[in-house]
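Number of protein chains: 2
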Amino acid sequence: MTATVSGKMVYRLAEGGADMVSLLGGKGAHASEMARIGVPVPPGFVITTETSLEYFRQGRRLPDGLWEEIVRHVHVLEEQTGRRFGDAGNPLVVSVRSGAPVSMPGMMDTILNMGVTDATVGGLAKMMGDERPALDAFRRLIQGFGDVVLGIPKARFETVLEAAKERAGAEFDYELQPDALQDLIGEFKGIIQEATGEPLSDDPWVLLKAAVEAVFNSWNNPRAITYREFQGISHDMGTACIIMAMVFGNLGDDSGTGVLFSRNPGSGERGLYGEFLPNAQGEDVVAGIRTPQRIQALRTAWPEIYRQIDETARQLESHYKDVQDIEFTVERGKLYILQTRSAKRTASAAVRIAVELAGEGVLTQEQALGRVEAGEVSAVLMPHFVAEAKAAAIKEGRLLAEGVGASPGAASGVVVMDPDRVAAVAEAGQRVILVRQETSPDDVHGIIKSNGVLTSRGGMTSHAAVVTRGLGKPCVVGCEELRFEADGRATARGKSISEGDVISLDGATGEIFVGDVAAVAPRPDELAELNTLLGWADGVRRLQVWANADTPEDAHRARANGAEGIGLCRTEHMFFAEERLRHIRRLLAIGPEASQLIRRVSELEEALENAPASEREAMRHRLEEAKARCDSSEAVQGFHTELAELERFQTEDFYGIFKAMEGLPVVIRLLDAPLHEFLPDYGELVQEVGELTRRIEGDNRVDAWLNKGRDLVNRSASELEKLAVGKRMMDWLSERVSLPQQEDEVALRAELEEKERALELVAHLRESNPMLGHRGCRVGLTMPEIYEMQVRAIVTAGCRLAEEGSPVRAEIMIPIVSHVNELKWLRPRLRAVASKTREALGIYVTYLFGTMIEVPRAALTADEVASEAEFFSFGSNDLTQMTFAFSRDDAESKFLNHYVETEILPRNPFNTLDTRGVGRLMRMATEAAREVDPDFPIGICGEHGGDPRSVAFCNQLGLNYVSASPFRVPVARLAAAQSALGQITTEEGSQQPRLL
Amino acid sequence: MTATVSGKMVYRLAEGGADMVSLLGGKGAHASEMARIGVPVPPGFVITTETSLEYFRQGRRLPDGLWEEIVRHVHVLEEQTGRRFGDAGNPLVVSVRSGAPVSMPGMMDTILNMGVTDATVGGLAKMMGDERPALDAFRRLIQGFGDVVLGIPKARFETVLEAAKERAGAEFDYELQPDALQDLIGEFKGIIQEATGEPLSDDPWVLLKAAVEAVFNSWNNPRAITYREFQGISHDMGTACIIMAMVFGNLGDDSGTGVLFSRNPGSGERGLYGEFLPNAQGEDVVAGIRTPQRIQALRTAWPEIYRQIDETARQLESHYKDVQDIEFTVERGKLYILQTRSAKRTASAAVRIAVELAGEGVLTQEQALGRVEAGEVSAVLMPHFVAEAKAAAIKEGRLLAEGVGASPGAASGVVVMDPDRVAAVAEAGQRVILVRQETSPDDVHGIIKSNGVLTSRGGMTSHAAVVTRGLGKPCVVGCEELRFEADGRATARGKSISEGDVISLDGATGEIFVGDVAAVAPRPDELAELNTLLGWADGVRRLQVWANADTPEDAHRARANGAEGIGLCRTEHMFFAEERLRHIRRLLAIGPEASQLIRRVSELEEALENAPASEREAMRHRLEEAKARCDSSEAVQGFHTELAELERFQTEDFYGIFKAMEGLPVVIRLLDAPLHEFLPDYGELVQEVGELTRRIEGDNRVDAWLNKGRDLVNRSASELEKLAVGKRMMDWLSERVSLPQQEDEVALRAELEEKERALELVAHLRESNPMLGHRGCRVGLTMPEIYEMQVRAIVTAGCRLAEEGSPVRAEIMIPIVSHVNELKWLRPRLRAVASKTREALGIYVTYLFGTMIEVPRAALTADEVASEAEFFSFGSNDLTQMTFAFSRDDAESKFLNHYVETEILPRNPFNTLDTRGVGRLMRMATEAAREVDPDFPIGICGEHGGDPRSVAFCNQLGLNYVSASPFRVPVARLAAAQSALGQITTEEGSQQPRLL
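Line by line, the protein sequences give chains U and F.
Under the working numbering, the first residue of the first sequence is numbered 192, with each subsequent residue one higher.
Under the working numbering, the first residue of the second sequence is numbered 192, with each subsequent residue one higher.
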């Protein structure tokens, strides 16, 4: 049963092209492309992927006619190079490489130096003008063939090689002299004879055939299969096999080898950037025989070659429309390009290159937008470590640990572990890195004064991550290898840091270093280039980009970065300042009682209006009673006082933000946080109360004993001696027992009382699952006075600005809605408050009432909800949390990191929107709302608003805007443009988990 | 602009019927219906609802021709009664009542005794044979007219009435004698003159017209409007006005009035049940003038009337096909039926009546099924308080508080507040009620030994509620008015209970009584009747009914109640027994480390297989190292030991359950609970550790001082006296300081150490939001050995039974799935374990692998999930929790109760499925799964499986089964039948919240 491949099995390089990746593999297609456009690649040919599949279909047999084709093409190579395969005098040497249609780095096999045999090695030596490299090529061929084709453990060759080096007193392979190499070749042949029972063939054609089969076989080696399963790559693609003439850079002073970038990959500067080593092969560069020269040295040494290199680099750049990373060899004055690919580059280089390539006409502006990874552009705005300094730190072993890069930028500073101490250290002129297990709203003052934050717990949406992103400070979270010891040190990888030590952190990569690492701030020209690019993006995108901002400073920063509105102003963040926290705590302590008393009065007032005439008198009486109780209630009085205090603060807050935004829309979310977020930690309080109680009790006990003892001694001391002994004992005791001073005890008792009150409140407010708890509009319904206060503050601030002649556009957002009735109850009530406030001030400002869609039920019933709201904003953090049932506070460290590592989940859904689940809810809600009103305004204000793939998804959904933290606004602007241009995919592969 | 009502404006009773409710109102239609079928109702007529709407359309003007129609129909009444309206000698007296198409109790107005005037009161007195009731009727007319028609505050009449009674020394209205009544009539007229400026008309026609208008107007009084808004009732229905001749039961010894039921509403026994008061009006019965006679007394007193009553009762029962609650009056030997309606009845009466009515041929079996409220039938299985005993307890003021009835049944017992003490009290022969703020898995041993549970926190799905329902014990939860005081008492409504006091609780109504209340268990005949009814239900329903059962006892109980399978066997509940808890705690302490070491070995094994030949040796070495570390690890050894221990327990558990179910399906859910549920409370532990630390430290300090002191005294005591004084002082101190014995300290330290270990573990495992945390299959993925152990236990148990020749049907359910990849990872792995176990035992049992749908994302991506599962079961508790973002543990007390009270939510979604939100997800998931496979099996196993409306929804969705707690199985059987017959609606009204 014989079959042949239906089409052509072998292509000369010049016959192929970049569009033939599936047939010729990536490597084959791109070599063909270069050949096609006239770039000097070494001559060669490609056996198609289809042929390898046929090989497997035939039970690992070369299809009929293939070998003849290979032989024919080798003869073509002979003609092209003027050398002959197996010729003793002028031998052709080739490489045999695998190359699949998708990149599978290191998974499949390659054999070099094919064509070197006992018969030809002499001719090769003559050709090279040196015996050593020729023998070494032969040695490498035998070793590679033994490993890849014959499956002999590499270790067996390595052991012999090491022994040879030891005998020769050589440190590096290249130091072995011809005699030693000759011996080694003999020994290697012996290994093969021993392992296979046969001598290594001396016929290069036999070896070539075996090498082609080995390359085919490597498609289905277990490593490759496992890799494809992990990556969800089809097993049906097969691999191509590329056979190319080898060129040699080590044939004398007119030869050499090098690597270059068509532009500087660090800065983006135009001009060749790279290295060159004369009279050397690529592996010699790796081995570090000699220090390479800068590529510019060729300009004077070999002006013609340099001109060719420069021209070819420009040609490749123009052709591939991107900066290129090029490997080349010069063999006896002739230039060969071995490989070219788009170069990796830093974020700011990427921006500069894209802008300049567009300026040069290589790219259109739209293409230029696609050349920059949107997620990276925020890094351009931040300080970053000098690449060399970071590399040095790693080399010096100063990498302490790696966590999750949660907010980009680089920072160094002294470690402070207590947020209360940050200010003092900072004021003493030191830069501070706050290091904590995790942060809470209580710690914000410390975060603000620090230069960077490192936490051992939490993920991309943890408190530390969200707050630092808002502030534009570098932050690394979830660094779980960092262990906090009882003695105040934190340790990882056998190193430890304490307060006062200097560390450096990279908020983009999550790396933590011991000691200082040099960092640089972005230069003005870098920012200018970014602005150019983002300007192009603005011209292309449909989606608006707003920002999340809680303060006037945030608002200014957001506008500076191009935000067109504020999509989320979190009012609770305004309560965390210490003075305000005191007010809100008192408010929460008395609020429930006060609100109930107030509600009772209004219920009775309403009932009285509707009561039958006969019941009015009795009801009026009850109303009077309720009013009296309300008026005399300390809780109610305190409640009103605290509300008035907070209203004063909030009015100022909103005034400042409105002013900063100059009439751009500002979406203000009414109080959302679970109430106990405003309170200290329960466990800590329990501990403190216990401690204080026992200090007071214990000290009192000792005190009582001592007094009684003194008394006894005094009364019994009829003799001096007695007195003396008694006294001495008492002194001894007194000295050792620290008696609490009267004032101490008073202070202790006061502290205890305060803690006990706090504990009672926390115990009352705490919930088993606060994220699913009493928060958002649920508080608005149970204590309506809080939302009313906030609406009054918003409208008052708006009116004040309007009076000053400034434009204001306020949008009031009600959070955690799960049922339309919540809005039906709240909206008219808050509208009435707003109207009353406007009337009282005599100024008319407009505002919208909308709702967050962050509870799955709100999305599922969006048709109803939309009829009671004027806009939607997806709270995608919470929506993701509820849809997955993943706690934002815990999931990452408990299991989510494990999920992402083992590819149970393609990516962390708190970073990138889960389009299939959460996205489906968003789609349902969007469609339902647009059914109610085709122009219904919808945005998103979760962390996803700054993630490129998520932004693209929102663009596809047809949302009006995304709202990101101020520092992610540039990311969103670029991503929105890329999505409009179809440059970002949001599809999820049907990916498999790793089945370990 | 005049318009007339398009159709007929006035209907004589006999012209109408029960099908004309929207036109004649409920009261009018049912009176008409009775008239139509020949029941002796007083003559009368009805003005249509449409007429009242026209009245409003014309700006509160009677439509043209209406008054003429009314007058004509009054004349018809005159003919029918032989009396004349306004006739001084033989006056016709009528009532004028409102009557809307839907019941709006007490919201609208009625005027009685219309037709009594100065001119006619004498004739009425003659007709009544007594002046007093005639004058009293006149007094009432004036008072009612003044209040309802003229809007004069009732209080003005009441004040005068009270003064008159005081003057006359009368306690009750009816004690006022004619003279006094005459005076009162004069004074009442004076009030009207004063309030309106005009005297009360003496023309009964004028008064009648005003009364009709007042009835119409009452449709739009503020009370009624507000009520309709609250209830979501349309404002466009209007009210009918019913004018009926009044009949008098107080015209002598051949008159009287009574109330009866056509069957005993307490027991369901056939035969009249009621009371009769000779020579009295209805209001006299209410006033309690005389003790009424049992209705049976009439059998001998007035045999013909009794026969008529009995016959009419049967006629009404047959006609309405239900037991009737009938008001009647006998006027001079003639029977009038004033009102009939379906009677309220106890659950067991409802069952008996339905079964017997079907037996009598009044109802078909299908109709009989519709006559019983499905939700109530589980109460038939439980003891319940004797109605009279409960009424007496309330009268005696023994009602302590009211909470949420969470598990039906009645129980009395002594209060025990510590679950650890329950056993001792119970073993001493006392019945126990466990009273706690809330319960946790730690308390289960106490719940099991108690007779009932009362908690001050939590709702229908709280721990206490779920566990007691499973056990069939009465339980009241969320009784927030009960406050726990520091001195160990619990107080409510000014009463307090302490440990040792007797209380009684009604788990159906949520009432708590101080002291004993007599209760009775269901009688065999009650159970037999229930079984008859449920047998009919089984013949009708399509939906299967399974049960949630965790033990063989549960399984037996479930089958006894008719369960056809186990839909949820919660394996974690099996771990809560004390001995097992120890094992699982140790498992959790060492599991993560052990599991990681084990995983490392298998990863390396896998890597080795796939490694290129060259890397094998190095890898083999690393594998050996990892194996050695694993083998020598105490954690791994302990982990295997604990797993083996637990596997032994679990195998026994499953064996017992499989055996009890005799081949019926058993769905076993693998471990689901958040891990820290197996651990003590964090706050308590912190407190205990602090306490112990300071006890040890404090005692040591004292100890040290005393020793040093003794030493000092001894060394210095050169004289006897010195010694004596020193000694006396030391004795004094020693006496007052309780020195810890050496053993005490050792014990304390051991305790401290244990607590500290526990605290460390809890601190490590606790989560901010455990419901969204590390639970279910997330544990199965991070510590796969636990699920593997459970699968081994299931398969081993199944094999053992199979070996004994018993049938087994096991279904293994994976909880908390949010992404299909979780199943893709777990299923093959667990399948392999199952196969290996079967192979090792050499027995082949089949099993299914399915998943719970309880995370919104699983429902949203059910198409993917279904392709990796063999069945679905909706975990509707969690699904509701996540979809609403309502924490099951907290929501009710924090805000959900408030939501239900203020009708923000139509009902508690944890009790009854929210069809619009959660139900939509269920529908999406069901449709997606059935798309994959039209026969894909789907059930529900949340608490909703025992709720009638939810069962009906599941039936409509086309689920295969509902699974309820064993005691709710009868509820589900009946509800499934009712749904199949279209007797339960699942529609949600588009209801408004109360806008207070």
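To be clear, the hints were calculated from the coordinates, so they are not data collected in a lab.
Misleading hints may appear alongside valid ones.
[Claimed, not checked] With a straight-line Cα cutoff of 35 Å, these simulated DSBU-like cross-link-like pairs (lysine-lysine) come out:
(1) U/Lys-586 - U/Lys-850
(2) F/Lys-586 - F/Lys-850
(3) U/Lys-345 - U/Lys-380
(4) F/Lys-535 - U/Lys-818
(5) U/Lys-640 - U/Lys-586
(6) F/Lys-535 - F/Lys-345
(7) U/Lys-356 - U/Lys-640
(8) U/Lys-400 - U/Lys-317
(9) U/Lys-586 - F/Lys-586
(10) F/Lys-686 - U/Lys-818
(11) F/Lys-380 - F/Lys-317
(12) U/Lys-586 - U/Lys-345
(13) U/Lys-818 - F/Lys-1027
(14) U/Lys-686 - F/Lys-686
(15) F/Lys-512 - F/Lys-535
(16) F/Lys-818 - U/Lys-345
(17) F/Lys-400 - F/Lys-525
(18) U/Lys-380 - U/Lys-535
[Said to hold, decoys possible] Calculated from the model, a selection of chain U residues having no Cβ within reach of chain F, i.e. all distances over 12 Å:
(19) Val-267
(20) Val-731
(21) Ser-1078
Quick reminder that beta carbons are idealized off the backbone N, C-alpha and C, glycines included.
Outcome of the hint check:
Under the criterion of a C-alpha separation no larger than 35 Å, the hint pairing U/Lys-586 with U/Lys-850 is inconsistent with the structure, at around 51 Å. Between F/Lys-586 and F/Lys-850 the CA atoms are separated by roughly 51 Å; this puts the pair beyond 35 Å, and the hint is violated. The hinted pair formed by U/Lys-345 and U/Lys-380 meets the criterion: a straight-line CA distance of about 14 Å does not exceed 35 Å. With a CA separation close to 40 Å, the supplied pair F/Lys-535 and U/Lys-818 exceeds the 35 Å bound.
A distance of roughly 32 Å separates the Cα atoms of U/Lys-640 and U/Lys-586; the hinted pair therefore holds under the 35 Å criterion. As the CA atoms of F/Lys-535 and F/Lys-345 are separated by approximately 32 Å, the hinted pair is consistent with the 35 Å bound. For the given pair, U/Lys-356 sits about 58 Å from U/Lys-640 by alpha-carbon distance, which is inconsistent with the 35 Å threshold. Pair hint U/Lys-400 plus U/Lys-317 holds up; C-alpha atoms about 27 Å apart against a cutoff of 35 Å.
With a CA separation close to 87 Å, the supplied pair U/Lys-586 and F/Lys-586 exceeds the 35 Å bound. Between the alpha carbons of F/Lys-686 and U/Lys-818 the distance comes to roughly 27 Å, so the proposed pair stays at or under 35 Å and holds. Between F/Lys-380 and F/Lys-317, the direct Cα distance comes to roughly 23 Å. Compliance with the 35 Å bound is thereby established for this hinted pair. With a CA separation close to 28 Å, the supplied pair U/Lys-586 and U/Lys-345 stays within the 35 Å bound.
The hinted pair formed by U/Lys-818 and F/Lys-1027 fails the criterion: a straight-line CA distance of about 75 Å is larger than 35 Å. A C-alpha spacing of about 64 Å is found between U/Lys-686 and F/Lys-686, which places the hinted pair above 35 Å, so the restraint is violated. Between F/Lys-512 and F/Lys-535 the alpha-carbon distance is near 14 Å, which keeps this suggested pair within the 35 Å criterion. In summary, the hint linking F/Lys-818 to U/Lys-345 is supported, as the alpha carbons are separated by about 24 Å, within the 35 Å threshold.
At most 35 Å may separate the alpha-carbon atoms for a hinted pair to count; F/Lys-400 and F/Lys-525 meet this at roughly 30 Å. Of the pairs offered as hints, the one joining U/Lys-380 and U/Lys-535 is violated, with about 41 Å between alpha carbons and a cut-off of 35 Å exceeded. Here U/Val-267 stays apart from chain F, with its beta-carbon at least about 33 Å from theirs, past the 12 Å limit. Every C-beta of chain F lies more than 12 Å from that of U/Val-731, the closest at about 32 Å, which supports listing it as non-interface.
Distance check on U/Ser-1078: its Cβ comes as close as 4 Å (rounded) to a Cβ of chain F, failing to clear the 12 Å threshold; non-interface status is violated.
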